[in-house]
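S.K.: Residue numbers (our numbering), protein chains in the order written: chain A, 1 to 317; chain B, 1 to 172; chain C, 1 to 582.
Rather than coming from a laboratory, the hints here were simulated on the basis of the structure.
Treat the hints with care, as some may be off.
Distance ranges between label pairs, derived from CB positions [unchecked claim]: (1) A:305 - C:196: 55 to 61 Å; (2) C:206 - A:253: 50 to 56 Å; (3) A:33 - C:338: 32 to 38 Å.
Heads up, the beta-carbon is just placed ideally off N, CA and C, and yes, glycines get one too.
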Amino acid sequence: MSEANLPFIGAILLTVVGGAAVLTWFERRLLGIWQDRYGPNRLGPFGILQVAADMLKLLTKHDWIPPFADRFVFVIAPTAIVISMLMAFAVVPFGPDHYLIDMNVGLLFFLAMSSLAVYSVMLGGLASNNKYALLGGLRAAAQMVSYEVFMGLSLMGVVMLSGSFSLVDIVEAQQDGWYFIPQFLGLYVFIIAGIAESHRLPFDLPEAEHELTAGFHTEYGGMKFTMFMLGEYCGLILLSCMITTLFFGGWLGPFFPPLVWFALKTFGFVCFFILLRAAIPRPRYDQLMALGWTVMLPITLINLVATGAIALWMNQA
Amino acid sequence: MTLALFYIAGAIALAATGIALTRVNAIHALIYLVVSLLAVAFIFFLLGAPFAAVLEIVIYAGAIMVLFVFVIMMLNLGNRGTVVEQEMMNPSVWIIPSLLCLILLIELSLSIASLKSETNPIVVSAKEIGISLFGPYVLAVEIASMLLLAGLVAANHIGRRLSKMDQEKDEG
Amino acid sequence: MTVDETQNLRPDKNHGIPDSTFVASHVQKTPDSVKTYWVARDELLPLLKELKPIYPMLFDLFGIDERHREKATGQPHADFTVVYHLLSFEKSAEIRIKISIVEPETVPSIVSIWPAANWYEREAWDMFGIVFEGHPNLRRILLPPLWEGHALRKEHPARATEMEPFSMSEELLDAEQEALLFRPEEWGMTQENEDSEFMFLNLGPNHPSVHGVFRIALQLDGEEIVDAVPDIGYHHRGAEKMGERQSWHSYIPYTDRIDYLGGVMNNLPYVMAVETLANITVPDRAKVIRIMLSELFRISSHLVFYGTFAQDVGQMSPVFYMFADRERLFGIVEAITGGRMHPAWFRIGGVAQDLPEGWDTMVREFIDSMPARLDHYEKMAMQNSILKRRTIGIGEYNTSEALEWGVTGPSLRATGLDWDLRKKRPYGGYDQFDFEVPTAHRGDCYDRAVVRIEEIRQSLRIIRQCVDNMPAGPYKSEHKLTTPPPKDRTLQDIETLIHHFLNVSWGPVVPAGEASVMVEATKGLNGYHLVSDGGTTSYRTRIRTPSFPHLQMIPLISRGLMIPDLIAIVASIDFVMADVDR
Numbered sequence: 001m002s003e004a005n006l007p008f009i010g011a012i013l014l015t016v017v018g019g020a021a022v023l024t025w026f027e028r029r030l031l032g033i034w035q036d037r038y039g040p041n042r043l044g045p046f047g048i049l050q051v052a053a054d055m056l057k058l059l060t061k062h063d064w065i066p067p068f069a070d071r072f073v074f075v076i077a078p079t080a081i082v083i084s085m086l087m088a089f090a091v092v093p094f095g096p097d098h099y100l101i102d103m104n105v106g107l108l109f110f111l112a113m114s115s116l117a118v119y120s121v122m123l124g125g126l127a128s129n130n131k132y133a134l135l136g137g138l139r140a141a142a143q144m145v146s147y148e149v150f151m152g153l154s155l156m157g158v159v160m161l162s163g164s165f166s167l168v169d170i171v172e173a174q175q176d177g178w179y180f181i182p183q184f185l186g187l188y189v190f191i192i193a194g195i196a197e198s199h200r201l202p203f204d205l206p207e208a209e210h211e212l213t214a215g216f217h218t219e220y221g222g223m224k225f226t227m228f229m230l231g232e233y234c235g236l237i238l239l240s241c242m243i244t245t246l247f248f249g250g251w252l253g254p255f256f257p258p259l260v261w262f263a264l265k266t267f268g269f270v271c272f273f274i275l276l277r278a279a280i281p282r283p284r285y286d287q288l289m290a291l292g293w294t295v296m297l298p299i300t301l302i303n304l305v306a307t308g309a310i311a312l313w314m315n316q317a
Numbered sequence: 001m002t003l004a005l006f007y008i009a010g011a012i013a014l015a016a017t018g019i020a021l022t023r024v025n026a027i028h029a030l031i032y033l034v035v036s037l038l039a040v041a042f043i044f045f046l047l048g049a050p051f052a053a054v055l056e057i058v059i060y061a062g063a064i065m066v067l068f069v070f071v072i073m074m075l076n077l078g079n080r081g082t083v084v085e086q087e088m089m090n091p092s093v094w095i096i097p098s099l100l101c102l103i104l105l106i107e108l109s110l111s112i113a114s115l116k117s118e119t120n121p122i123v124v125s126a127k128e129i130g131i132s133l134f135g136p137y138v139l140a141v142e143i144a145s146m147l148l149l150a151g152l153v154a155a156n157h158i159g160r161r162l163s164k165m166d167q168e169k170d171e172g
Numbered sequence: 001m002t003v004d005e006t007q008n009l010r011p012d013k014n015h016g017i018p019d020s021t022f023v024a025s026h027v028q029k030t031p032d033s034v035k036t037y038w039v040a041r042d043e044l045l046p047l048l049k050e051l052k053p054i055y056p057m058l059f060d061l062f063g064i065d066e067r068h069r070e071k072a073t074g075q076p077h078a079d080f081t082v083v084y085h086l087l088s089f090e091k092s093a094e095i096r097i098k099i100s101i102v103e104p105e106t107v108p109s110i111v112s113i114w115p116a117a118n119w120y121e122r123e124a125w126d127m128f129g130i131v132f133e134g135h136p137n138l139r140r141i142l143l144p145p146l147w148e149g150h151a152l153r154k155e156h157p158a159r160a161t162e163m164e165p166f167s168m169s170e171e172l173l174d175a176e177q178e179a180l181l182f183r184p185e186e187w188g189m190t191q192e193n194e195d196s197e198f199m200f201l202n203l204g205p206n207h208p209s210v211h212g213v214f215r216i217a218l219q220l221d222g223e224e225i226v227d228a229v230p231d232i233g234y235h236h237r238g239a240e241k242m243g244e245r246q247s248w249h250s251y252i253p254y255t256d257r258i259d260y261l262g263g264v265m266n267n268l269p270y271v272m273a274v275e276t277l278a279n280i281t282v283p284d285r286a287k288v289i290r291i292m293l294s295e296l297f298r299i300s301s302h303l304v305f306y307g308t309f310a311q312d313v314g315q316m317s318p319v320f321y322m323f324a325d326r327e328r329l330f331g332i333v334e335a336i337t338g339g340r341m342h343p344a345w346f347r348i349g350g351v352a353q354d355l356p357e358g359w360d361t362m363v364r365e366f367i368d369s370m371p372a373r374l375d376h377y378e379k380m381a382m383q384n385s386i387l388k389r390r391t392i393g394i395g396e397y398n399t400s401e402a403l404e405w406g407v408t409g410p411s412l413r414a415t416g417l418d419w420d421l422r423k424k425r426p427y428g429g430y431d432q433f434d435f436e437v438p439t440a441h442r443g444d445c446y447d448r449a450v451v452r453i454e455e456i457r458q459s460l461r462i463i464r465q466c467v468d469n470m471p472a473g474p475y476k477s478e479h480k481l482t483t484p485p486p487k488d489r490t491l492q493d494i495e496t497l498i499h500h501f502l503n504v505s506w507g508p509v510v511p512a513g514e515a516s517v518m519v520e521a522t523k524g525l526n527g528y529h530l531v532s533d534g535g536t537t538s539y540r541t542r543i544r545t546p547s548f549p550h551l552q553m554i555p556l557i558s559r560g561l562m563i564p565d566l567i568a569i570v571a572s573i574d575f576v577m578a579d580v581d582r
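Same shape as in the complex, but just chain A (with noise of 0.2 Å):
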């Protein structure tokens, strides 16, 4: 990394954040477009300026603390889903020579920020000092630590396919054919995980609007709670774009630039995360986890076994 870089990094940062700010937008009108509706289509062209609005909304909101709350903790906690979820599009590539950093460690370095992003609905519940709010941080918890154990075991299939931890390498260790055939166990368990890392419908079980009013954030409003969002937003890029690159052979593809093929590929992902939020009910928690424990675990231990045996098979021969 070096100080040229810091135009990307503005690039990476204002592209993120204002592609969770229309997501806020375009995420209603497909669900309105699915459920019979029209969503908000009054301000601008499609109602994009909606997007405007509700940051204006958000922004100028009276920030309040509520008086019983643990003021210290209440405010750290929606900053630290934003920063972490940033913090790990430092090592996304996004084309060949669009990269912040090539980390030899790139896909623990995604883990390790996806796993931080934990705190911040857990101190969220916690510091409200609201009892649906520490249900719904005590449900996070739960669910966020567990499925982060099987998203990690996901990977490594991946990790052993491409012999590496880079997110570069193994984009291009996919030449010859994208992961998302030999490890499709692997992308199936990655993307119920990645929905359960998210805390999006349908494993909303820390927010919860029909048992817990709004779980987690509950007592946050205006700009804390457009944190909280904002950083969920973050993290649907985030996973589409891990998506992208680790089973969908990231930038490549023929005929079109490789910036273009990303783009397109994780269009579609958050396409498909805004209309599975559409059609799946929201499973029971202890329901949750027992998918986890009895169902996801077993998947990515055998595919971790049986990929491993094929590659050492593929290697003698």
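Since the structure of chain A is already known, use the hints to place chains B and C on it.
M.R.: Leaving out everything else, chains B and C in the frame of chain A:
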């Protein structure tokens, strides 16, 4: 540049740990401890051990500390914990352990000073760590894994809380 | 009613109460066909115990303030009356037991016989100050804890203008807030047991999933529900009290707002009760129009149920589809009645207007399009494996528990009892229609949804028969209590003019008597018990709503489950708070 970063990170780690020790609120203390761990991870990174750095974050900051927070949430101590902590801040409680630690620190500093310092860190990759773990140190790894397994089984056994009905069934 | 039961009704010779060894002190003749017996206070408990095997359901329990009665005949002297309305499913019969109290007498509580009596007795105490001896927790249920007086007593003012101007001082606010606090000890709950400390969670009165203003105080061990206390009354608007000052006719719009998803379905039992009191026959066309509109509203209500049910288990999309369908349905309702949710369109003796031109094409279009859409929803929601896992086996109760707690309607049929009032005791012309009564067998959240969804299809069938066979003729009765004399004749003779004037300005005078009529409403059996003292207003309007007893059952079926299960249960019960609190 690297040296400056090293000292900054070191200072942050020390300061955060110090603050963590003196907090009466358990959650505040844990947050400072996480900061301290992150600073240590950064030091690892600077010293050419990115793999260790990332593992430090994933395992210590991302999992173990999360479990600590989780336990605090479960217990939901509220003000009771703060009161107990406040009593612990009494010098009569911490002064002797601190003195002993100080002696250890002096010994450690002296022994480190006698070592030759390595100025050019070599970057250790994940592959090398893996090879050495499953090569020369395989016995240690296996023993550690057995220990963890034993711990897991024991935790499962102890943690299985018998409900009233089960207890009655067992007795009857 | 079978032949030998009618023989038992010979009041002059025989005061014996059928199916029991007891003798009534008075047998009251009522315009409806429900046998009504007055018994002595100390005979009540043994009598009800004897009747319970035959009449397993306590359909209703309520009080009447008799102190201002002028035309009460065939009944003992009383300050207050407590009415026990029982329902038999095998015989499809009803029986009414009444006891009289002269203050300061008390009434023995029947909670030991019917657990469902708990809330009913609390309501009677709340409204009349009637003390039920032996009641476990006789406290206010609908009115705020610090309310002064008992609202349905005749001396209690009915309007704010009859009272001191209301002001909420700081101290009063604090006192009211304090009174609303949930104190576990008052409900026999402990703060902790040897294993763990409990958490008490207020679910509501404002919570996204309680469908209105409904509070459940939960005793939690982690996320597991140890016990629950439903707290109602936040939506109480004194509908029964309003019935005592509105004219017979002008009360109709108030009924719309009881089960506010049921629209004109609410009008039906009320107008039928008035028609029974006044002995009015309704022309065929009006009957079929009423049935058609009622079934349209049954579909509308079930669609809302369907959507919110899916939404409460976390499925985001279905509710939008169902609300879109409901919107099209409201289009039809609007074309016919001019209103949408609360048309207040039924009238005593008929309906407000004839059907507009082209109504049949609209209705046909709707009922033709619905089956395919329902199939689609079935695939989207009911066949979803997560939804199934969330709801199957959750919140189960069996038929006998349901009867014990006063559960009626689809929630009762979900336990496997094939009992639909429209089939068993057809009212208002339902005997002319061909439809089936859907049932299920597990009595859990999923089955309650399955039954309602199948009912939508059956309602579509009934509506199709209405459209195909709509009889010609008048849409309202020519009875003098319902229809003013022809306007042109009022200018010719004074008698007609006077009648017209009185009927329009004061409203009709309905003959003294008592009648209760129940209908198979959207959420269960909805009954109106009207007491007329020969005036232009009702002397006592009692509204028996299905949701009231349904909510009382929540603790029973949610113990040991988790919060998300409770949400599924609440969603599957299908209640609206106005229907509970009135």
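S.K.: Each hint should be assessed against the structure and marked as holding or not.
M.R.: To see whether the hints hold, each was checked on the structure:
Evaluation of the 55 to 61 Å hint for residue 305 of chain A and residue 196 of chain C yields a failure: the beta carbon distance comes to about 40 Å. Checked against the hint of 50 to 56 Å, the C-beta distance between residue 206 of chain C and residue 253 of chain A comes to roughly 51 Å, which is consistent with it. A C-beta distance of roughly 33 Å is found between residue 33 of chain A and residue 338 of chain C, which places it inside the suggested range of 32 to 38 Å.
The earlier numbered hint that this structure contradicts is number 1, and it is the only one.
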